[in-house]
Amino acid sequence: MTQTSTTVETAQKLGILPQEYEAITHILGRTPNFTELCAYSGMWSEHCSYKNSIKWLKTLPKDGPHMLAKAGEENAGLVDIGDGLACCFKIESHNHPSAIEPYQGAATGVGGINRDIFTMGARPIAQLNSLRFGNIETDRTQWIIRGVVKGIGNYGNSFGIPTVGGEVFFDDSFEQNPLVNAMSVGIVKIGKTISATSHGVGNPVYIVGSATGKDGIGGAAFASGDLTEDSKKDLPAVQVGDPFQEKLLLEATLEVIESNAVVGMQDMGAAGIICSTAEMSAKGMHGMKIDLDKVPTRQADMQPYELLLSESQERMLVVVKKGEEKIIENIFEKWDLPCAQIGEVTEGGQLKFYYLGELVADLPAESLVLGGGAPQYEREYTEPAYFAESKKLNSQSISQPKSYKDVAQYLISHPNIASKQWVYNQYDSMVGTVNMNTNRPCDASIVNIKESNKAIALTVDCNSRYVQADPETGTAIAVAEAARNIVCSGGEPSAITNCLNFGNPYNPEAYWQFVGAIKGMTKACKHFQTPVTGGNVSFYNQSKIGDKTIPVFPTPTIGMLGILDQKTWQTGIGFNQAGDYIFLLGKNGTGDIHSSEYLYSFVGIKNSPAPYFNIDEETSLHELLKSLIRNSAIESAHDISDGGLITTLLESSFVKRTGFDITQTIQERKDAFLFGEAQGRVVVSVQKSHLDLFNSIIAQHTVGVLELGKVTNGEINVDGEKWGQVDDFINLYENSIASRLR
Amino acid sequence: MKFGVITFPGSNCDQDMIYVLKHIMQSDVVNLWHKDHDLQGCEFIILPGGFSYGDYLRSGAIARFSPIMQEVIRFAEKGGYVLGICNGFQILTESQLLPGSLLHNHHQQFLCKNVYLRVETTQSLITAGLTKGDVLKIPIAHGEGRYYADEITLKMIEENDQVLFRYCDGSGQVTNEANPNGAINHIAGVCNAQRNVFGMMPHPERCADTNLHNSDGRKLFESILKTVLV
Amino acid sequence: MIFKASIVVMPLEALLDPQGKAVTGSMKNIGLPEIQNVRIGRHITLTVDAENAEQADAKVNEACSKLLANPIMEYYRFTIEKA
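Protein chains in written order, with the working numbering: chain A, 1 to 742; chain B, 1 to 230; chain C, 1 to 83.
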C-alpha cells in the first residue's frame, strides 16, 4: 500500500486518542495509513462505538417474554405482537445537525430512523417524535422550531408514514442545543425479517439508492492536511434529505426482501460504507473485497477515505445470493433506483478496500465494531451540589397563590402544556389509515393493525425537568408515565426503546446524570416488564449561556410500545357527556408540588426534588385501570402529568367541549391538589348507569379513589367558584403557541 | 364496477384507497403502475394522494407525463370516470382534465386535520347518493391545496354546477375561518364540464373505516356504487 | 435613486438537489433524455432605494446573505440596474 502514513498527531486531528492509536497499531501490527485511520475514527467515534456508554447500557434489562431480537442484535428491536406479526421500533437523535440547519437536520433524522426499520424488512406504519427547544420567545428558538417542524413534516409526509404522536418541551437549557428525537415503528410477518449480516464466499455486495457525495466527512477532510480553499467548497456543511428517494427505497427494499435473493442488508448512517461493511461482515464472520471506485458518486474526485466515511443519505448495502443478481437489479430498475455491485464476500474476517486496483485499506472487520475491537471506557461521575441542595427545599414556606383560576389560566397557556397543534397539524397524521386517535384522542397513540383484532399503543415520554431534579427517580417516572399512558388508552405495556440525550461524558456531573438515568430505567423496566429493545445515546448536548457551558436538561426519552388485544379497549381522554361522574384514582393527599410546572415556572423555584413517585402504587393503579377498561366501566381515562389535576380535567373537557364541577374533599394544600404533579394518578369518568359496576371493581382493588364531581355542559366550577366557560380555556390552550409563532 | 388505483413513484395513499375499496366496499380493484400503458379494463380510475415525484417542481407536474397518464387522458376524453384525490387532483389539473389549479396554502404550511365539507351538487357520480347541503367531516392533508381559477373559468364552473364541495364549519356555514387553505370560493372539489372527471383535496378514504371512528368518507364510495347500479 | 435587482439563489454545487434530480429523471418521459444536470433555485426581483449603485449593491448583498439565501445550503448572485 502506497497510502500516506500516519502519526499520533494525525490521529488526534481525527479525534482518536493516543492510546487508541496505539491499540490500532497493535491490531494491525503496523502503522495504519490515512484511509485506515479514518475508518477507525469513524467506527471508534462515540456515535458508532458507544465507547463511553456501553458499559452501562449492558446493565439494562433486554429480555422479555415477547422479544424476538434483543437490543444490539439488529438495527432495531423486534417484539412479537401475536397473529404471526412482529413490531420493530426504534428512536434516534439528530440533535447536533438540527442545531446547525434545523430543516435538513430534522428531515435527515426522520429518514435515518425509518431506514433502520425497513432495512429489517418491516414496513413503517407510524412515526413519533420528541422535541426540546429553548425559550419560545427568542428568535433563535423560533427559527429552530419552524425549521425542525417543517423538516420532520416535509420528510415524513412525503415518505408517507403517519406521525401519530410526540412531545414538545421548552427550557432555556436547550437554547443552543435542541433535541430532535425521531421514532419509527414498523410491522413485519415473523420469519420475514432480514438480518444485517454477510456470509457466503463469492456473494456479490451491492450499494443501492442515492449516489455518494462528500457528506459528513468534514472532520476527516480537515485532518487530511491537503485541504485547500478550493476543496473546502466541495465539502457540504449539511446533508440534504430526499424523501422521494427514500419512499422508492422503501418499496424496492421490501420487494427485494420478498424475492428471497438477499443474504443481508443494512442501511448506511454514521460512518457510511465502512460502518455497514464492517458491521455486516463482523456479524456474519466473513470478509469483503470492495472496489471503492465502483461506488456511484455525486461529486467528482472522491478520495478513498471520503468514499468510506461519506454519510450521504438514502443508501443501503445489500449482500445478494450469487446467481440471483438479475432479480435484484430488475427490482431496483423498476423503482428507478441506482444499484451497483461494488464487491464480494470473502473468506476470513478481513475487509480489503481497493481503489483503481490498488489496495487502500486492509482491516479486520471485528476490530472496528462495537462488541469487537472498539474501545469501551469506564467514566468517573460525581454527584453535583445542586442535588443535595434541592432536598433542603421546604415547600411549607411557599405561600398559596392569590387566585387559583389565574394559575390555571397561566398553566393552560404555558408552552409546555398548551396545545401543540401548531406543530402536529403540519404532520400528516392520517396517511396509512391506521390512526385511531384522530377522532378519539388518547394518552397514547393507538394504531390499528388492519385485518386483525389488535391495535398497538405508542407513546414517547420524558419530563426533562424531573430527570434534572433527580436522574434516577425522574427516569423511572418517564418509564412509569409511558406505561400509564398506554394503560389509560386500553393497552398492555410491552417494551421500550430509548434515546439518551446527555451532556459531555467527560464532565463527571453530566455523567452522574447518565448513570442515574440508567439505574432508574433498569429498575422501572424490570418492574413493568418492558425490556429495552434498543435505542441511541447522544452525548455532548450543551448550551453556552453567558460564559458558562451547561449541559442540557438530561433527557432519556422513552418510546414505549403497548398492545391492545381488542381494538374496542381503546379508551379516550375526553369526557363524554354532562352528568357523568369524575373520579381521581391513585394516591391522594400527598401535598406534593415538587418539580411541577407550577412550582418551576409560576412560583419560580427552579431547584426542587422530583415529584412524589411510588412504583408499587403505580402498578396497582395500572391493574385497576385494565380491569375497569376491559369491563367497560369507564368513559374516559387521562393521567395527571405536566400541569397537575386542573390541566388533566381541562384537557378531558376540551375534546367534546364539556366542562366540570369539582370539589376538593381531601385535606391538602389547595395548590398541590390542583397543580401538583405527584405521580401515579389518573382521572376517569363514569356513566351513572355504570356506577355499580365501577364500585364493584374498585372494591376488588386497593387503589385510592376520590370522587371529584361531575361533567357539565361547559361550565368550569372549582370548589364552588365559577371559572367561566370551557371555550375561554380552549382559546388560551389552542392559541398560546400558534400566536407566538405566527 | 372495476376500480383501478394508479401508483406513481411517490404515491402514498394508493394502498389506503385499495384497502377501502377492497375490504370495506367489497369492490373489485386493481393496482395500476405508472409505467404501464394498460388500464386493464377498469371502469373507474382513481389517482390517489401522495407526493408523486416528490412533488418537486410543482405538485403533479411530472406525474402528468408518465406513460399511464396518456391512457388516462384518452380514457377520460372518451367519457371514462376518473377521480383524483389530493395529489391526484393536482395531477388532473396539471393534465387539464379539470379546470383551475392548486396553489400553496395561503398560510404557506402543510396542514393535516379534519375539515367540514358542504355538498354543493348531487349531479355527479360521487355525490348523487347525498343531499345538497349535507355536511361531511373529512380530513385534509396538503401543502398545495388552495384552489384557484381565473375569473372566466370560475364563472363557468359555478354556472355549470361543477363545484362538488365547499369548505364549511360544522353547521354548514361557508366562512373564511372554515376555509383551511384560502381556496377561491371555498372550493374543495370540482368536476369537469362533462361530469366524468372529479377532483377533491380532502381524503374520503381516510374516514371510511369504522375502526377510525368516522365513516363520513364512505358515503362517497357508496354513492358511486349505488349510482352505477341504478 | 431606485435600483432594480435581479437575484438568483441556487443550491450549493456540493449538495444534493433532490428536486433537480427528480426533474432530470423525468426528462426521458417527455422525450428529452439529452437534458441532464437540472438544478433548481429561485429567482427574486426587488427594488432598492440607494444613493448610488455601490450602496444598492451592498444592501442587496446584505439582504441575500441575511435572509434571501441560506449560506449553509445556497449561493447567490445578482445584477443591479437603475429602475
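These are calculated hints, taken from the structure and not from any lab test. There's no promise every hint is true.
Unchecked claim - Straight line, CA to CA, 25 Å or less: simulated DSS-like cross-link-like pairs of lysine-lysine: (1) LYS35/B to LYS450/A; (2) LYS35/B to LYS66/C; (3) LYS2/B to LYS454/A; (4) LYS137/B to LYS450/A; (5) LYS544/A to LYS28/C; (6) LYS66/C to LYS232/A; (7) LYS232/A to LYS2/B; (8) LYS450/A to LYS113/B; (9) LYS137/B to LYS656/A; (10) LYS420/A to LYS137/B; (11) LYS626/A to LYS670/A; (12) LYS567/A to LYS2/B; (13) LYS35/B to LYS567/A; (14) LYS192/A to LYS35/B; (15) LYS420/A to LYS55/A; (16) LYS326/A to LYS28/C; (17) LYS59/C to LYS150/A; (18) LYS526/A to LYS544/A; (19) LYS35/B to LYS420/A; (20) LYS688/A to LYS656/A; (21) LYS137/B to LYS722/A; (22) LYS113/B to LYS656/A; (23) LYS137/B to LYS326/A; (24) LYS132/B to LYS567/A.
Would you mind confirming whether the straight-line C-alpha gap from LYS2/B to LYS454/A stays at or under 25 Å?
Violated, at roughly 31 Å.
Quick one, are LYS137/B and LYS326/A close enough, alpha carbons at most 25 Å?
violated, 48 Å
What's the verdict on LYS544/A and LYS28/C, does the C-alpha distance respect the 25 Å limit or exceed it?
violated, 52 Å
Given pair status - LYS2/B, LYS567/A, alpha carbons within 25 Å:
This hinted pair is violated, its Cα atoms lying about 31 Å apart.
Given the hinted pair LYS420/A and LYS137/B, is their Cα-Cα distance within 25 Å?
Judged against 25 Å, a Cα distance of about 22 Å means the pair holds.
Are the Cα atoms of LYS192/A and LYS35/B separated by 25 Å or less?
violated, 28 Å
Could you grab the alpha-carbon distance between LYS232/A and LYS2/B and see if it respects the 25 Å cut-off?
violated, 58 Å
Satisfaction of hint between LYS420/A and LYS35/B, Cα-Cα up to 25 Å:
violated, 41 Å
Is the straight-line distance between the alpha-carbon of LYS66/C and that of LYS232/A 25 Å or less?
holds, 22 Å
Restraint check for LYS113/B with LYS656/A, where alpha carbons must lie at most 25 Å apart
This hinted pair holds, its Cα atoms lying about 16 Å apart.
For the pair supplied as a hint, LYS132/B and LYS567/A, confirm whether the alpha-carbon distance does not exceed 25 Å.
violated, 35 Å
Verify the proposed pairing of LYS450/A with LYS113/B, using a straight-line Cα cut of 25 Å.
OK: LYS450/A and LYS113/B at ~22 Å, within 25 Å.
Hint compliance for this structure: hints 1, 2, 3, 5, 7, 11, 12, 13, 14, 15, 17, 18, 19, 21, 23 and 24 are not met, and every other hint is.
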